[in-house]
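**Q** Work out the full structure, taking the sequences as your base and the hints as a guide.
First to last, the protein sequences are chains A and B. The opening position of the first sequence corresponds to residue 1 in the numbering used here, with each subsequent residue numbered one higher. The opening position of the second sequence corresponds to residue 1 in the numbering used here, with each subsequent residue numbered one higher.
None of these hints come from the bench; they were simulated from the model. Beta carbons are placed, not taken as given, at the ideal position from N, Cα and C, and that holds for glycine.
Stretch by stretch, here's where chain B covers chain A in the computed footprint (C-beta under 8 Å, at least three residues):
no., segment
1, 83-89
2, 125-138
3, 249-256
Using 27 Å as the maximum straight-line C-alpha spacing, the simulated BS3-like pairs for lysine-lysine come out as follows:
no., chain 1, residue 1, chain 2, residue 2
4, A, 14, A, 104
5, B, 75, B, 25
6, A, 124, B, 75
7, B, 25, A, 124
8, B, 76, A, 99
9, A, 167, B, 25
10, B, 75, A, 99
11, A, 100, B, 75
12, A, 14, A, 100
13, A, 100, A, 6
14, A, 14, A, 99
15, A, 167, A, 124
16, A, 104, A, 6
17, A, 99, B, 25
18, B, 25, A, 125
19, A, 99, A, 6
20, A, 11, A, 100
21, A, 125, A, 167
22, B, 25, B, 76
23, A, 11, A, 104
24, B, 76, A, 100
25, A, 11, A, 99
26, A, 125, B, 75
27, A, 125, B, 76
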Amino acid sequence: MGELSKADAQKLLKTALDIGEAMLVCGGEVSRVEDTIRRICESYGVERVNPFAITSSIVITLQLSNGESVTQTRRISGSATDFSKLEELNELSRFLCEKKPPIKEIQDVYQNSIQAAEAENISKKTFLGYLFAAGAFAVFFGGNFWDGCAASLIAVCIWILDRYFRKIMQNQMLYLLFAAFIMGTLAMIFSYIGLPFHVDKIMIGDIMLLIPGLLMTNAVRDIFSGDTISGMLRFCEALLMAGMIAAGAVSAILLMGGRG
Amino acid sequence: MKTEIVQVICALLGSFGFSLIFHLKRDKICLASLGGGLTWFCYLMVYARVESQFMAYFWAAVFATFYAEIMARLKKAPVTIFVIPSVVPLIPGGSLYYTMEYLIQNNSEMMKKKAAETAMLALAIAMGITMVIMLLDVFFLLIRGRRMGKQKKC
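**A** Put into structure tokens, the structure is as follows:
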């Protein structure tokens, strides 16, 4: 591997940032993102790689062997968990490290692999996922068959909200408050129908959909792999989200004249 | 006995649902859902022995993480992909809800109890996950160290 020119290093850095950003958005841990960036850049002969990632931004400085250094920063916003894409990115970075395609081509390689991962329409899958998860967990926590069905029906509404409303609502916290409120209201309506429903089990099933379990698990993993800042950020976010869900559900129950 | 079987099946289905939501690749969905079912089975087994929710959650989380680490290495995929669906049945959504319900009912005694329970279970899960990660880190560090030592001797 010859010496990297500054222009090449810029290009390499851009692709590395693209990959890192996509990984964070898809639900990868911070340590994985930093490690991936480091490996990719080192395999292209960069002398020293200084990646720093938190959940909302990535900063990378490359020190080249001719004494120059290059820095780029990227602001990360939003999250759309997609483990297929995460896996694809993982394979892509492995491919880059082993095969080292010329720097001119790496942006294309990245674009191709991302397009392949995004081509599949996943809305049907998530729809089924919402149905199964909500129904199963309503029964799991002690509900009967009908509770499961009701939870699944409400899950359909949450799916619609998630798909069409989330983008309109810029604020994640407000969205959760709203979704929890709708969820609670619908669950209370079921309790007035007269069939043997247990409102608590229905709500628990649907709360499981909203609860930031992924965020919490990643927070723990981040904290204990040394990324304290990101871990704390994620942890606080997860706590706030849980609070929002509780607030939304509580106000729905109170407004609908629940067991106050 | 019947409730236990229903619970394990539901845990499996729930993990299956979350595998779909998080968009796992097709060949991994089965393994991930199985992880959720087995994790709850593990919880029930431990709970039947020690009758302590904390211990049962802890060991179930240990199992889930260990399972995920093994599967990730077998399938050459990131660990997160298997950890999340396997841990999902342990998420204390139930006790979180009841905390909220007692809050509405102004039953502060029960609320405190449930809130403490939620925090305790979350702690148990976190401890379980962490312990496996740390142990595996040390384990792989030792293996790598030994390999490096051998190379130096050559």
